[in-house]
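Novice: What follows is the residue order along each chain.
2 protein chains.
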Amino acid sequence: MKNNLPSHVGFIPDGNRRWAVDRGLPKEAGYAHGIEPGLRLYEQCKKRGIKEVSIYCFTQDNTKRPSVQKQAFGKACIAFALEIARRGAALLVVGDETSAQFPKVLKKFRQRQGAGMKMNLLVNYGWEWDLAGLKNGGLHSKEVSRLDLIVRWGGGCRLSGFLPVQSVYADFCVRDEYWPDFDPQHFEHALTWFKNQDKTLGG
Amino acid sequence: MKNNLPSHVGFIPDGNRRWAVDRGLPKEAGYAHGIEPGLRLYEQCKKRGIKEVSIYCFTQDNTKRPSVQKQAFGKACIAFALEIARRGAALLVVGDETSAQFPKVLKKFRQRQGAGMKMNLLVNYGWEWDLAGLKNGGLHSKEVSRLDLIVRWGGGCRLSGFLPVQSVYADFCVRDEYWPDFDPQHFEHALTWFKNQDKTLGG
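These protein sequences, in sequence, are chains H and B. For our numbering, add 991 to where a residue sits in the first sequence, where the first one is 1. For our numbering, add 991 to where a residue sits in the second sequence, where the first one is 1.
Just chain H, with the same shape it has in the complex (with noise of 0.2 Å):
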């Protein structure tokens, strides 16, 4: 009997600048408040047994935005690391280190830290840096394992260029509320569908 629990599980926490807007909030003001959301469903993914997840915080093309959004997604994504750092996960950023868009303070996660719930941040990552690394010895996210479920939130059908090799076969649940409207149930129904997908894996 299989366990329908997923062992790994990404999170594409979209729509923190429209959650803005909609409040009339310039853009960036959207992401301060992604933080406390994503602090709740680490706690969540703690208890419900969740071996390692994978956060898409942000990506190459990301930093291509106005500075002020920029200066506000890093800083939130720093919080956010620093935090679960402090509470005990086991932390990998996985990212493209090389680059002054990388943030200096997240350069030693580069290498798992601790001992706890395995949490893989996406910072500064680019599916083609990532797959580049398969010219030498392999992807540069290699300690990632395969995705077992992808949840999304913020309507977007699609991958944005999450993991392209670990998704190859994760099943892929999207909500259509905006990040910072993250509510614990979004979590609970996605684990609910994800035991009734089936699982063939192709044979």
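Incorrect hints may appear among the rest.
What the hints assert, rightly or not - According to the in silico footprint, chain B covers these stretches of chain H (three or more CB under 8 Å from chain B):
| # | region |
| --- | --- |
| 1 | 1114 to 1126 |
| 2 | 1148 to 1154 |
| 3 | 1157 to 1163 |
Claimed, not checked - Cross-link-like lysine-lysine pairs, in silico, BS3-like; alpha carbons within 27 Å at most:
| # | chain 1 | residue 1 | chain 2 | residue 2 |
| --- | --- | --- | --- | --- |
| 4 | B | Lys1095 | B | Lys1018 |
| 5 | B | Lys1018 | H | Lys1126 |
| 6 | B | Lys1018 | H | Lys1186 |
Hints in this document: simulated from the structure, not taken from any laboratory. None of these values were measured; they are calculated from a predicted model. Note that the Cβ used here is the ideal one computed from N, Cα and C, for glycine as well.
Since the structure of chain H is provided, determine the placement of chain B on it from the hints.
Specialist: Relative to chain H, chain B alone:
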């Protein structure tokens, strides 16, 4: 003003075996019922002005299935390929032609033949095989362009290894109907839905 018609559409025609079982037929009987829907969809794409189409025929993993199934999907795949070639498609077959599982009669289409709408059929395809090309000059599927839209039948919300690199920004649309129950309205709805998707490509 952006043209909201996708240039390149991928199709995952899943559910042939479940369709057969629902009718009290042996599983392998489903595949033959997938050919005529494929030809209707081909004509619909041509009529709508789609420039390039990729279809998931069978994978290296699929060839591990019972041989009666393997023979049935192989035969359906060859019949479909030869018929669209006859109708003037610019046909490219993408898959590992060095294996005995690759149909000999399709070998000449490992180089694109013809000058009509581009049709890429994934035959004895594997995402690992595809990516392995990166170690030697490029993806094995490097002649296949980036996908804008992917439509899958049979209810599965996952890519199942379908062109992971070309799929990075594709909008993904799922139909619950089994593939042999294809109706042109399914694709019309997908095109309408696609128009309303926000496309930022990470910017």
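Novice: Does each hint fit the structure? Answer for all of them.
Specialist: Going down the list of hints, with the structure as the test:
1. 1114 to 1126: With 4 residues closer than 8 Å to chain B, the region 1114 to 1126 of chain H meets the three-residue bar; holds.
2. 1148 to 1154: That given contact holds, which follows from 5 residues of the region 1148 to 1154 of chain H lying within Cβ reach (below 8 Å) of chain B.
3. 1157 to 1163: holds (count 6)
4. Lys1095(B) / Lys1018(B): It holds: about 25 Å lies between the C-alpha atoms, which stays within 27 Å.
5. Lys1018(B) / Lys1126(H): With Cα atoms ~41 Å apart, Lys1018(B) and Lys1126(H) exceed 27 Å; violated.
6. Lys1018(B) / Lys1186(H): holds, 24 Å
In this structure, the one hint that does not hold is number 5.
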